[in-house]
Amino acid sequence: MHESRSYWMTYGVAVVSVAVALVLSDLLEPFLGDARPYLAVLGAVVVSLWYGGWRPAAFAAMIGYLGTAYLFIMPRNKGGVPTSDFAEELAAYLVSCGVVISLGELWHRAQRRAEQHRKSLEEEIAERKETEQRLIANLAIAQILAESPQLEDAVPRVLQKVGETLRWQVGAVWIPDADERILRCLKMWKAFPDKFARFEAVSSGRTFRPGIGLPGRVWSTLKPVWIPDVTRDDNFPRGLVASAEGLHAGLAFPIYGEKFLGIMEFFSDEIRAPDEALLAMFGVIGGQIGQFIERKRAEEALQQAQAELKQHATKLEQVVAQRTARLRETVQELEAFSYSIAHDMRAPLRAMQGFAGILKQDYGDKLDDTAQGYLQRLGSAAARMDRLIVDILNYSQVVREELDLGVVDTHKLLLDIIHSYPQFDHAHADISIEGRLPLVLANEAALTQVMSNLLGNAVKFVTPGVRPCVRVGANPEVVDDGRVELWVQDNGIGIPRDVQKRLFNMFTRLHRPGLYEGTGIGLAIVKKAVERMGGSVGVESNPGEGSRFWVQLRRPVQQ
Amino acid sequence: MKEFLTVLIEDDEDDVFFFQRAMQQVDWPGAIQILRDGAEAIAYLTDAHSATDRQQHPTPSLVILDLNLPIRTGLDVLEVFRGHDDTTPVVVLTSSTSELDVRDAYRLGANCYFNKPSHPDGLVELLKVLKAHWLDYNRLA
Numbered sequence: 000m001h002e003s004r005s006y007w008m009t010y011g012v013a014v015v016s017v018a019v020a021l022v023l024s025d026l027l028e029p030f031l032g033d034a035r036p037y038l039a040v041l042g043a044v045v046v047s048l049w050y051g052g053w054r055p056a057a058f059a060a061m062i063g064y065l066g067t068a069y070l071f072i073m074p075r076n077k078g079g080v081p082t083s084d085f086a087e088e089l090a091a092y093l094v095s096c097g098v099v100i101s102l103g104e105l106w107h108r109a110q111r112r113a114e115q116h117r118k119s120l121e122e123e124i125a126e127r128k129e130t131e132q133r134l135i136a137n138l139a140i141a142q143i144l145a146e147s148p149q150l151e152d153a154v155p156r157v158l159q160k161v162g163e164t165l166r167w168q169v170g171a172v173w174i175p176d177a178d179e180r181i182l183r184c185l186k187m188w189k190a191f192p193d194k195f196a197r198f199e200a201v202s203s204g205r206t207f208r209p210g211i212g213l214p215g216r217v218w219s220t221l222k223p224v225w226i227p228d229v230t231r232d233d234n235f236p237r238g239l240v241a242s243a244e245g246l247h248a249g250l251a252f253p254i255y256g257e258k259f260l261g262i263m264e265f266f267s268d269e270i271r272a273p274d275e276a277l278l279a280m281f282g283v284i285g286g287q288i289g290q291f292i293e294r295k296r297a298e299e300a301l302q303q304a305q306a307e308l309k310q311h312a313t314k315l316e317q318v319v320a321q322r323t324a325r326l327r328e329t330v331q332e333l334e335a336f337s338y339s340i341a342h343d344m345r346a347p348l349r350a351m352q353g354f355a356g357i358l359k360q361d362y363g364d365k366l367d368d369t370a371q372g373y374l375q376r377l378g379s380a381a382a383r384m385d386r387l388i389v390d391i392l393n394y395s396q397v398v399r400e401e402l403d404l405g406v407v408d409t410h411k412l413l414l415d416i417i418h419s420y421p422q423f424d425h426a427h428a429d430i431s432i433e434g435r436l437p438l439v440l441a442n443e444a445a446l447t448q449v450m451s452n453l454l455g456n457a458v459k460f461v462t463p464g465v466r467p468c469v470r471v472g473a474n475p476e477v478v479d480d481g482r483v484e485l486w487v488q489d490n491g492i493g494i495p496r497d498v499q500k501r502l503f504n505m506f507t508r509l510h511r512p513g514l515y516e517g518t519g520i521g522l523a524i525v526k527k528a529v530e531r532m533g534g535s536v537g538v539e540s541n542p543g544e545g546s547r548f549w550v551q552l553r554r555p556v557q558q
Numbered sequence: 000m001k002e003f004l005t006v007l008i009e010d011d012e013d014d015v016f017f018f019q020r021a022m023q024q025v026d027w028p029g030a031i032q033i034l035r036d037g038a039e040a041i042a043y044l045t046d047a048h049s050a051t052d053r054q055q056h057p058t059p060s061l062v063i064l065d066l067n068l069p070i071r072t073g074l075d076v077l078e079v080f081r082g083h084d085d086t087t088p089v090v091v092l093t094s095s096t097s098e099l100d101v102r103d104a105y106r107l108g109a110n111c112y113f114n115k116p117s118h119p120d121g122l123v124e125l126l127k128v129l130k131a132h133w134l135d136y137n138r139l140a
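Chains as they are written, first to last, in numbering that gives the first Met the number 0: chain C, 0 to 558; chain L, 0 to 140.
One or more hints might be untrue.
Derived lysine to aspartate or glutamate pairs resembling DMTMM-like cross-links, with alpha carbons at most 20 Å apart [as the list claims (entries may be wrong)]:
{"id": "1", "chain 1": "C", "residue 1": "359", "chain 2": "L", "residue 2": "39"}
{"id": "2", "chain 1": "L", "residue 1": "130", "chain 2": "L", "residue 2": "46"}
{"id": "3", "chain 1": "L", "residue 1": "115", "chain 2": "C", "residue 2": "343"}
{"id": "4", "chain 1": "C", "residue 1": "359", "chain 2": "L", "residue 2": "13"}
{"id": "5", "chain 1": "C", "residue 1": "359", "chain 2": "L", "residue 2": "120"}
Simulated from the structure, these hints should not be mistaken for lab results. Predicted, not measured: the structure shown is a model, and the values here were computed from it.
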């Protein structure tokens, strides 16, 4: 209060108060006598003290004393020395003044301190309130960014939240176009739907080059800009319409991540002085939004890439499935074809054999030995071809048919084979089983074919004149990954090492026709059948030392 | 009692010849009707069952059926025939060794299933067995 009054005024008030007090004293002297000549002056001191502080009050006390002394005391003691009364009165006056001035000054100081305290409190509260608002805005934006799945969802909500929390009435987002030459308005927000329509229309209809208008300025400097009143700004093309609609303060800040992405601007209907703290906060918010946008774009790109990859994989799968189906169809057709060819070939063959037989039966006695010999050869050729066809049919059957696997007792299976085929009879060969043969996981029909083919080879390929001696057994140890091994050991002619590799191929024959009859399909059937039962087959042999064929098959799961 | 009628359904001329020859050799009794494709067989067998044509197409006593036939397959013939007649025995005599054919034939009502012997002597042996079984010992319905 005192600080606002001029220095001279306070002293002027002091002089005037003293003057008034002296006049009053003079006027009241007849009633008061000279008993209390300083009483009125003391009042002037109090007035000066109230109005101007202790310095004017002291000044008033001094001139008041001089005035009193000159006007009232001097005339009383003309020419004489001061009386003791005078000294007492002076002392009393001085003491009174001192006390009054001290009390007043103390009161003043307390008053001033209280005032200061109140002010600083108010300031602090206002500041806290603002900080709180900013924190709320900041938090809300972070939340929006975290929740929004898409950029399109986030931008309008950020505009609204900033505007509502920090009391701006209009907000807009500007983004550069594809070739980054101009800024275009992406989105606008208004606190009141029915206000600022013209400003909205003008904004969404126009573009800004770098450096032009509020968005352009932020774009070229990449720093927040605050305009206290856009209607008085030199570089604000929308100034006229802003003025017409009552918009004043404007604020804009850049949105940036790795690179510049756009700007966000806000307008208020009042004039607002720049707020550095708020500007700094918007700088941070711009960075947050920018990071959000870039993250979303990266996510979208990733999703798109993943979708493309998935689509590609699906397409590939379809192609594979289609081709597999076509291939399977072709294979089936081929198998059916070869089966029916082999089948149909047997009919004329049977006719050839049949007529050769009939010829021999009905006209045998009219044919000489040469003709008989030709008939014989005709018959045996047809028989050979028939065997070949039967083998091919067996092979294609092994390839074609589903082999359901079950538990097969190989011991029983071998005994059955030995007893049911005439060529394994004791009259022709010695076949022995060593020990108890194990249970295996196999298809019984296919395994019968496999073992009879192996036994058939074992008794067939012996040096002429030698009695076949075949031993069948099982490896007592379980071979790798839970398989068991059966073996067939013969005393035959053996197989040279260099042909062992192609021994199981189709049509592999190692002998001239005539010596050992065969179609070259038997071991191919063995291999195919064993493999289709999940096993493997092989041979160990040396010429002249016999052969040992082995078959590995899966063991049944232990109960 | 009517004459024993054997219906042979077989498209292969050679097989028909071997069959007739073997029948002579085993003294197969009665008449033989030969049908050479599936459609003809179906027509004959269904007509045979209707009363009006009984004179022209007597009911067969035994049917010997090949499976691999032109126009309609032997299995088709079997299926249609069994729709009309479930007592006359049907002997399947075919070159097919397919397990599937064997199963289907029995499922559709065949009484037995033989593979064609590759030698005429084998056919004679087979016909002897068939004659003994179906004509000498077996009682027909």
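(request) Compare the distance between the alpha carbons of residue 130(L) and residue 46(L) with 20 Å, and conclude whether the hinted pair is satisfied. (result) Not satisfied, since the Cα-Cα distance of roughly 26 Å exceeds 20 Å.
(request) Could you grab the alpha-carbon distance between residue 115(L) and residue 343(C) and see if it respects the 20 Å cut-off? (result) 13 Å, holds
(request) With a cut-off of 20 Å on the C-alpha distance, tell me whether residue 359(C) and residue 120(L) pass. (result) Holds, because 12 Å separates the two Cα atoms, which is no more than 20 Å.
(request) Please work out if residue 359(C) and residue 13(L) have their alpha carbons no farther apart than 20 Å. (result) This hinted pair holds, its Cα atoms lying about 17 Å apart.
(request) Take a quick look at whether residue 359(C) and residue 39(L) sit within 20 Å of each other, Cα to Cα. (result) 35 Å, violated
This entry does not satisfy hints 1 and 2, going by the numbered hints stated previously.
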